[in-house]
Structures are given as structure tokens and as C-alpha cells.
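A.B. asks: Model the full assembly from the supplied sequences, consistent with the hints where possible.
2 protein chains.
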Amino acid sequence: MTHLISLITLIYCSCGYRISRMPNTKDVPDYYQMGPGTLKIPNTLFKDNRKRMCDRLVAKNISRGAVMFFEGGRQEQQYDTDRDIEFQQESYFMWLFGVMEADFYGAIDVDNCESILFMPRLPDSYAVWMGELKTPEYFKKRYGVDRVNYTDEMVTILSQLRPSALLIMDGVNSDSKSHFEAPSFEGMDQFKIDTTTLYNEIAECRVRKSPGEMEIMRYVNEMSCDAHKEVMKMMRPGRMEYEGEATFKHYAYMKGGMRFVGYTCICASGENAAVLHYGHAGEPNDKRVNSGDMLLFDMGSEYAGYTADITVSFPANGRFTENQKFVYNTCLKANRAVQAAMRPGVSWPDMHRLAERTIVEEFIKEGVLINGTADEMTDAYMGAIFMPHGLGHLIGLDVHDVGGYVNAPPRIDEPGIKYLRTTRDLEEGMVITVEPGVYFGDALIEKAYANPEQAKFMNKEKIEQFRGMGGVRIEDGVAVTADGIELLSHNVPRTVEEIEEFMNRSN
Amino acid sequence: MTHLISLITLIYCSCGYRISRMPNTKDVPDYYQMGPGTLKIPNTLFKDNRKRMCDRLVAKNISRGAVMFFEGGRQEQQYDTDRDIEFQQESYFMWLFGVMEADFYGAIDVDNCESILFMPRLPDSYAVWMGELKTPEYFKKRYGVDRVNYTDEMVTILSQLRPSALLIMDGVNSDSKSHFEAPSFEGMDQFKIDTTTLYNEIAECRVRKSPGEMEIMRYVNEMSCDAHKEVMKMMRPGRMEYEGEATFKHYAYMKGGMRFVGYTCICASGENAAVLHYGHAGEPNDKRVNSGDMLLFDMGSEYAGYTADITVSFPANGRFTENQKFVYNTCLKANRAVQAAMRPGVSWPDMHRLAERTIVEEFIKEGVLINGTADEMTDAYMGAIFMPHGLGHLIGLDVHDVGGYVNAPPRIDEPGIKYLRTTRDLEEGMVITVEPGVYFGDALIEKAYANPEQAKFMNKEKIEQFRGMGGVRIEDGVAVTADGIELLSHNVPRTVEEIEEFMNRSN
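Here the protein sequences line up with chains A and B, keeping their order. Everything in the first sequence is counted per my numbering, starting at 233 for the first residue and increasing by one. Everything in the second sequence is counted per my numbering, starting at 233 for the first residue and increasing by one.
Just so you know, the hints here were simulated from the structure itself, not pulled from any lab data. It is possible that part of the hints are untrue.
No copy is singled out in the list; a pair is fine if it fits within one copy or between any two copies.
To be verified - Here are the computed lysine-lysine pairs in the DSS-like style, where the Cα-Cα straight-line distance is at most 30 Å: (1) Lys465 to Lys487; (2) Lys557 to Lys650; (3) Lys366 to Lys692; (4) Lys694 to Lys279; (5) Lys519 to Lys461; (6) Lys650 to Lys597; (7) Lys650 to Lys465; (8) Lys409 to Lys597; (9) Lys487 to Lys461; (10) Lys279 to Lys465; (11) Lys487 to Lys519; (12) Lys519 to Lys366; (13) Lys692 to Lys487; (14) Lys688 to Lys597; (15) Lys366 to Lys597.
C.D. replies: Shown next, in the form of C-alpha cells:
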């Protein structure tokens with residue numbers, strides 16, 4: 233996460249005139265809230281997270297006397313320019329401290345869970361360019377930590393704690409395979425450093441959401457659903473795909489105070505819907521929407537770092553064709569079958585297989601797949617031709633949230649299911665997306681046609697009728713409860729009838 | 233810009249089934265256009281840029297037989313996650329090639345200006361996840377270069393050119409002081425490398441906009457002005473600052489196809505207006521707008537990488553108070569005085585001094601500054617108390633565009649003017665912002681009160697009347713023509729009368 237240089241640049245010379253206004257700490261909010269009508273998040277939510285982490289280490293009786301040490305996200309610039317990239321806090325640091333500002337560090341004493349934030353000592357000119365120079369007292373109240381010091385005091389303060397070790401983050405993200413760069417600072421060599429304990433333990437803590445976190449997940453899901461409905465009201469043939477993105481972002485920001493989306497908006501129409509991560513710089517949602525197009529809009533907004541991830545699929549002109557209805561209902565049946573089966577103890581790979589199986593069975597009923605049983609077709613991996621991605625992923629501060637392969641069975645190296653971002657059994661408090669998809673993508677269909685083991689099951693005449701329609705994805709945010717699920721993304725129209733009614737009512 | 237690892241990761245194993253669809257190149261656009269009604273930018277604009285660069289080197293008779301070699305921006309992820317940061321091309325690479333996609337390289341033969349793009353060889357799975365696997369033929373037509381090869385062919389192709397040297401980018405950005413990291417790739421050691429020629433020469437070329445670039449600058453300015461007007465229509469007491477940001481972005485994207493803004497939106501109300509770069513993560517436009525507030529909204533949208541940078545200041549309730557009117561008109565007078573004096577050959581520091589002088593003179597007239605002449609006050613740097621930033625900056629692909637200190641007099645180390653991002657004389661084809669500001673910021677006023685050399689000129693009673701109002705900035709985008717200027721941001725209301733009429737008409 234850091235390089236030595238970053239710490240040095242934080243230690244500004246503090247000469248010249250200083251604004252010595254003491255903030256009136258009773259006016260300092262002890263919560264995050266963007267505006268009226270948006271969610272208020274008390275700083276105790278993050279204190280609770282810290283406690284969960286300490287309790288976990290104490291219960292395991294490991295790292296007694298140690299201090300956990302974290303580096304927050306740094307303010308970075310676009311290439312070599314002075315244009316600041318809009319700052320979003322690093323997720324582990326956010327989970328522990330709820331700090332919205334860049335260039336902080338934090339420490340937590342394992343034994344008593346006392347917390348310290350280290351803030352950058354900013355130059356006087358900051359007040360002119362960036363805003364009031366906030367004091368340690370301000371941040372202590374705002375973030376509810378036990379103390380706040382400057383980063384240039386960090387080594388001294390940490391030494392005074394006489395930690396048996398500094399526990400630092402070091403590990404590899406199971407989604408990106410990226411290495412989490414361990415923090416490094418001048419004077420670090422005087423401490424015993426433990427790089428092995430923290431990364432997986434904290435990932436494990438992030439897997440189950442606390443009641444407070446669940447409130448945020450409800451909020452981001454409901455706001456994102458409402459934003460999707462705004463999009464559904466305005467998208468019609470003749471519109472551009474990117475107008476959907478613009479409308480979604482606008483609604484979520486205006487009504488929900490949500491400045492960021494959790495991932496690049498996917499606003500795919502027609503055959504673009506078969507491109508799973510459409511919408512990036514090379515395919516920037518720039519197609520015109522045509523009358524016969526199905527739309528697949530996969531967007532989620534975030535608040536205080538927590539994000540939603542919701543996909544709606546609907547016909548641009550407000551009326552499903554028979555073919556579109558069949559594909560949509562197949563996908564919905566898979567989605568509903570999974571949600572009906574979800575509860576603690578259920579294996580997520582089993583849910584993936586259930587979704588695939590549902591799709592295969594519907595395809596047999598319709599005569600899209602022929603000449604075999606569902607079992608034979610499952611053995612030939614027919615499902616992954618039409619649903620080539622994983623069923624869903626943990627979600628929270630990261631859209632693909634951490635912990636999916638911590639304390640989990642190994643990745644399953646078979647088509648489709650190999651992309652699952654977790655192989656774990658479901659547990660109460662997990663939030664996970666349920667996002668089966670049914671696509672008719674050229675690449676995979678052509679590849680299957682060329683493979684006799686798969687081609688023999690394929691009714692080409694039928695399949696060709698669906699080519700060009702792209703596909704359908706129905707993605708919900710779902711929390712696992714003690715005995716089943718809570719559907720977080722409940723307020724979008726989902727059935728064919730609900731969608732047609734919504735699209736035609738709002739015209 | 234690069235690390236060895238990045239090149240290696242681009243050389244994917246290309247095994248398995250390959251989609252061999254040849255694109256029908258006559259359908260490939262040879263221009264950039266986001267949607268209907270948005271600007272069409274022919275790829276010849278970038279070819280023209282390459283030619284300007286080659287002509288410059290040839291005219292100087294340097295680097296004959298050499299090949300310029302560039303690395304484009306890389307797709308990066310948020311921290312250690314797999315969440316792609318929305319890609320925006322590196323500005324030098326954009327200027328030369330107009331490439332919207334990540335992970336390209338490019339080369340230009342100095343002698344004949346022949347151009348090669350090197351594209352990543354993507355795995356087959358790209359077609360499923362990210363979209364159609366485009367071919368070299370596609371990109372050759374799309375970007376109008378002489379040839380396109382894969383990055384894994386780069387060393388071979390470059391060797392065949394037998395260059396006398398590879399000219400590569402290496403230098404320090406004069407705004408950020410950041411080092412532009414020179415590209416590096418396996419096999420590079422077989423070439424003679426020249427790191428000294430390119431950086432400043434290409435920055436110099438970017439300073440004067442071509443007619444094609446000027447079209448883009450007109451477009452981004454006009455669209456951004458229209459977006460500001462939408463904001464002015466809806467901002468009223470009781471709104472939140474961030475609703476201004478949401479509205480601006482929405483309009484620019486919906487109408488202009490502009491997915492990005494060129495810098496963090498500054499939506500400051502009341503005393504926040506004195507914070508020059510308000511709006512960042514620590515001050516995220518989250519104040520409620522009150523009835524007596526002046527608003528200072530500094531926002532610009534970008535298209536094909538080129539950005540606008542426009543500030544409007546207006547009263548939230550649609551009517552200026554007498555004090556607000558005085559401050560606004562002082563700022564406008566400075567803005568207009570500068571624009572009236574601008575033409576080729578005029579020194580930009582002289583324009584900065586003209587703006588400061590105008591403000592000081594108006595303050596003397598009003599009795600805000602007392603006990604001295606404008607000359608005496610200028611010698612005491614009184615202007616920089618109220619306008620602590622530079623008058624304006626070059627703008628183009630970067631909001632603070634490059635070249636400001638290439639072939640320029642040295643930086644002037646005096647209050648306020650030291651922040652000028654260029655000390656050059658104006659030249660035809662430059663685009664530069666004219667953004668005088670008049671602020672009553674606590675930090676600088678308190679500091680001046682404490683300095684007897686400045687305090688003696690200050691009418692505290694008067695100044696205290698303005699405290700808390702924040703400030704006013706009036707920022708235009710201006711192109712320098714052969715005999716004067718072209719005002720690019722012409723379509724926003726600017727005078728007190730125009731603003732009051734606009735705000736009250738649209739209610």
C-alpha cells in the first residue's frame with residue numbers, strides 16, 4: 233500500500249502563520265450523512281467492526297500484546313498531472329475506521345481494542361486551497377477513536393505502546409490476484425513485524441455484515457433500485473445506452489447522496505447484452521437503442537463505500553416478444569429457484585449448479601437443447617455455454633467483496649463455475665448477489681457448435697432464432713438470514729407482467 | 233509510465249478457439265463520436281498532431297532517423313481489488329493517437345511520420361467478458377495510423393525500422409512536479425535510447441491548439457456552459473451543494489455525451505466559496521445552501537479527453553445584495569479588463585498583475601482598502617490577500633495543460649503570482665482560462681491583519697462586512713487569436729443583470 237516517500241511527503245514543514253481556531257467539538261458530527269433524507273451512519277458502526285476484529289484475535293488467543301497497523305488510501309493524481317483522482321477510501325481501512333479523507337494511518341491495540349488515527353500534518357496553505365485545517369480533536373470526535381495524532385508522531389506513539397508485534401496487512405486478493413502492498417514507513421525496522429495474521433482474519437470478519445452494515449446494504453440496494461426504475465421510465469427506442477448511465481447516476485446522487493457507483497455502469501442493448509462487462513472505455517455504452525432490443529442494465533451506487541450491484545433486463549419498447557419472454561422467464565426461474573433454496577449451510581457452488589440446471593431444463597422443455605437428458609447435458613457443461621459466469625459474489629465495501637476463498641473449499645476448475653468468487657457455504661450475515669444470466673453470445677455458441685460433444689445437444693434452428701438478442705441477467709442483492717434470505721433489491725419490477733405494466737404505466 | 237511487468241502481462245497465451253470474424257472495415261468509423269448531436273472528431277485530427285510533432289523535429293534538424301516511442305495509459309484497478317478504475321487515456325498518447333482503449337503503445341518515424349500502433353493481444357475469453365475481439369485492421373481504420381501490430385511483435389517491428397534512436401518521454405510536469413515515468417520493455421536495451429528530446433517538444437506542440445482541437449474546445453465550453461445554466465435553473469436555498477454537481481454531470485452526459493468531468497466539481501456555497509479547491513473527499517459539496525449564500529460553481533466536462541474549466545458565481549436566491557454586487561462586479565471588471573488586453577505577445581504575468589490591480593483599485597474606490605495608493609498596495613502584495621491564486625492556466629487535454637514553463641521566463645516567487653501555471657507570452661492558438669477571484673478567506677485575512685505592512689491599508693470595519701460571504705470567481709475559457717481573443721465560454725449569463733434575469737425567468 234505505501235512507499236517510504238509517501239510518508240515523508242506527509243511531514244510538511246509547519247512554519248509561518250497558523251490558524252489556531254479550536255473547533256467547537258460539540259458541533260462535530262459523530263456520524264456520516266451526505267444530506268437530508270440520506271442515511272445517517274454512526275461512527276460506532278466502525279468501532280463495532282474494530283471490536284469484532286479484536287474479539288476474533290483474542291478468542292483465538294493469538295497476537296496478544298500486538299498492535300494492528302493500517303495505512304489508508306492515498307490521494308493520487310492522474311498520470312503525471314496535478315489532477316487529483318477523486319478519492320475513495322481503501323476498503324479495509326474504511327471498514328475499520330470509516331475515514332473519508334486520504335493519507336491517514338490507523339492502529340488498534342489487540343488486547344484492549346484502543347484505536348489511534350494518524351492524520352497528515354497539512355501546511356497552512358491547505359486552509360486556502362482545500363478547506364479548514366481540522367484538528368486531532370475534530371477527527372477524534374468525528375471518527376470516535378480513542379486518540380488522534382499526526383503521522384509525523386507515528387513512530388514515537390507506536391513505540392510507546394511497546395507492541396509485541398505490529399500486525400500489518402499483506403496478502404493476495406482472490407478476485408484480482410493483486411498483492412495488497414504492505415505498509416512501510418521510516419522507523420518500522422524497530423518493530424517486530426507480523427505480515428501473516430491480519431489479511432485473512434479481517435477478510436473473514438468482513439464476510440458477515442453487522443446489523444449496522446446491513447442497514448447500509450438495504451439503503452444502497454433500495455436507492456439503486458429506485459434509480460433503475462427512473463432509467464426504465466425514460467429508456468425507449470432511439471435513446472442512447474449512455475443516457476441510461478447518466479440517468480442512473482443522477483438519480484442516485486440527487487436522491488441518495490451517492491457520489492460514486494460501485495463499478496463501471498453496464499448499459500447494454502441488443503447483442504451487447506451478451507458482453508458480460510460491457511460499458512468500459514473500449515465499449516462505452518455508445519450504441520443507439522432499437523425497438524426490438526432487450527436492455528441489460530447492470531448498475532449499483534455506493535454510499536460510505538458500500539455498494540449495490542443490481543441488474544435489470546427489460547425490452548426497450550416495453551413489450552416482450554415471445555422469444556424474449558422465454559429467455560427472461562428462464563433466467564427468472566433460475567434466480568427464484570436459487571433464492572428459494574438459500575439458507576445457512578447451503579453450498580454456493582450447489583446454488584450455481586441449481587441455476588445452470590434450471591436453465592438447461594427450461595431449454596429442454598422449449599426444444600432449444602435436444603437429444604439428451606439434463607444429466608447428460610450437465611456432464612457436457614451445456615449450461616456454461618449460456619451462463620458463462622459465476623452465479624454471484626459476496627458484496628459489501630467491494631463490489632466483489634473479500635473472503636470468498638478464505639476458509640473455503642478450493643476453486644472448481646470447470647466451465648462457468650470456475651468464475652465463482654466464492655465456494656463457501658452460506659452463513660447468516662453474508663450479503664451475496666444472485667445473478668443468473670442467459671446469453672446467446674457468438675463466441676461461446678460458435679465454439680460449442682465446433683465441439684461435437686456439445687453440438688449434438690444443440691437445436692441450431694432454435695438457437696439461431698435467439699442469436700442477436702444478446703441475453704438476460706437478473707441480479708439481486710440478497711442477505712442470508714438465520715433461516716433463509718432477505719431480498720435487498722426488492723423494489724424493482726421483476727416479472728414479465730410487472731415490467732410491462734411499469735413500462736407502459738410510466739409512459 | 234510503465235514497468236516491465238505490464239508488457240509481460242499483455243503477452244497472453246493465444247491458445248484455444250479463436251473468433252476469426254474479419255471486421256468489415258468499411259463499417260469501421262474513422263472518427264470519434266459518442267452519440268447523435270455530439271461532436272464528430274475525425275482521426276485526422278490526431279494525424280495532424282503527429283505531423284506537427286514530426287515537422288517540429290525535422291525543422292530543427294534533430295533526431296533524424298529516429299523513432300518516437302510512446303506508452304499509452306494502462307487499465308488499473310482500485311487498490312488490490314479487481315474493480316477497474318474507469319479508464320481515461322494518458323494525455324500525450326491521446327494527443328498523438330486518439331486511442332480510447334488501454335494498454336496500447338505507439339511509434340512514429342520522425343523522418344516520414346509513419347505511425348504504428350501496438351495493441352494488446354487479448355485472450356479469447358475477452359470476447360465473452362469485454363466485447364468483440366477487434367483486429368489490427370479495425371484499429372488501423374479507426375485510428376488512421378499506417379499500421380497496427382500486437383505488442384508482442386513490438387521489439388521485432390521496431391528493430392526492422394533500424395532507428396538511429398528511440399525517442400521516449402521522460403520529464404517532470406511543471407504543475408504537479410511529478411515525474412513522467414519513461415516506458416520500459418523487454419528488448420529495449422538493443423536500441424539507443426534518447427530521453428531528453430521528446431518531453432518538452434511535444435509539450436510545446438500541445439500549447440497551440442490546431443483548428444480541429446479548437447473545435448473540440450468550443451464544444452466542451454459550450455456544453456459545459458449549458459450544463460451550468462441547468463444548474464442555475466435548479467439551485468435554490470434549501471438545495472444541497474452536491475445537487476449542483478449531480479445536475480451538471482447529468483446534463484453534460486445526456487446532451488453532450490460527456491462521461492467525465494475534467495476535474496473534481498467545486499460546488500461551494502457561502503463561506504466555502506473561499507476554499508479554492510473545495511469539493512474533494514474531505515469537503516464533498518455536502519453543505520445545505522442558504523438564502524443569503526453566494527454560490528461559486530467551478531465545473532467543466534470533457535469530451536475525447538479535452539476539458540472545459542468554467543466558474544460561475546451567483547446568489548442562491550437569485551438577487552444580489554449590495555455587498556455581493558460590489559464583490560461580483562469587482563471580479564467581473566478584472567475578468568473583462570484582462571480579456572480586453574489579451575492578444576499575442578502580451579505577457580501572462582502582466583495579465584495577472586492587471587487583474588490584481590483592478591481589484592485593488594475597486595477596493596480603494598469602495599474604501600475597503602485605505603491609507604495608500606494602488607502602487608503602494610501593489611508593493612505590499614495586497615491583491616494576493618483577496619486573489620491568492622493565479623489568474624489562469626493553459627487548458628486542453630489536461631485541465632492544467634502542459635507547456636506553461638517550456639520556453640518560458642522563470643516562475644515569479646511572489647504572493648499569488650507564484651501560483652501562475654505559465655509565465656509565457658500569449659500566442660495565437662493558446663487556450664487559457666481567465667479566472668480572477670475575489671475572496672474573503674479567514675486564513676489570509678487574519679494573516680494580513682497580523683502583518684503591520686498590510687494591516688495599515690485594511691479598513692477592518694468594511695472588510696468584516698464581507699467576511700463569511702466566501703468569495704466570487706468568474707472563470708472563462710479563452711482562445712488567443714491573431715489579433716485578440718475568442719471567448720469560448722460565451723453562453724453563460726455574466727453580468728449582475730443577466731444573472732438576475734436568468735435566475736428569475738427560469739423560476
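A.B. asks: Hint by hint, note whether the structure agrees.
C.D. replies: Verification of the supplied hints:
Taking the shortest Cα distances, Lys465 and Lys487 sit within 30 Å of each other both inside one copy (16 Å) and across copies (18 Å). In the homo-oligomer, the alpha carbons of Lys557 and Lys650 lie at most 30 Å apart inside one protomer (29 Å), although the nearest pairing across protomers, at 66 Å, exceeds that limit. Proximity of Lys366 and Lys692 under a CA criterion of 30 Å is satisfied inter-copy only: 26 Å between copies versus 67 Å inside one chain copy. Taking CA atoms no more than 30 Å apart as the test, Lys694 paired with Lys279 passes in neither setting, with 57 Å inside one copy and 47 Å between copies.
Taking CA atoms no more than 30 Å apart as the test, Lys519 paired with Lys461 passes in both settings, with 21 Å inside one copy and 28 Å between copies. For the identical chains of this complex, Lys650 and Lys597 are intra-copy neighbours only, at 27 Å inside a copy versus 75 Å across copies, given an alpha-carbon limit of 30 Å. For the identical chains of this complex, Lys650 and Lys465 are neighbours neither inside a copy (37 Å) nor across copies (52 Å), given an alpha-carbon limit of 30 Å. Within a single copy, Lys409 and Lys597 get their C-alpha atoms no closer than 40 Å, and across copies no closer than 66 Å, so neither meets the 30 Å cut-off.
Within a single copy, Lys487 and Lys461 get their C-alpha atoms as close as 13 Å, and across copies as close as 21 Å, so both meet the 30 Å cut-off. Neither within a single protomer nor between protomers do Lys279 and Lys465 lie at most 30 Å apart by alpha-carbon distance, with minima of 41 Å and 42 Å respectively. Taking the shortest alpha-carbon separations for Lys487 and Lys519, both the intra-copy value of 28 Å and the inter-copy value of 15 Å come in at or below 30 Å. When the C-alpha separation of Lys519 and Lys366 is checked against a cutoff of 30 Å, the pair qualifies only between copies, where the shortest distance is 17 Å, while the shortest distance within a copy is 47 Å.
Within a single copy, Lys692 and Lys487 get their C-alpha atoms no closer than 47 Å, and across copies no closer than 42 Å, so neither meets the 30 Å cut-off. Taking the shortest Cα distances, Lys688 and Lys597 sit within 30 Å of each other inside one copy (17 Å), while across copies they are farther apart (91 Å). In this assembly of identical chains, Lys366 and Lys597 lie within 30 Å of each other by CA distance neither inside one copy nor across copies; the values are 66 Å within and 37 Å between.
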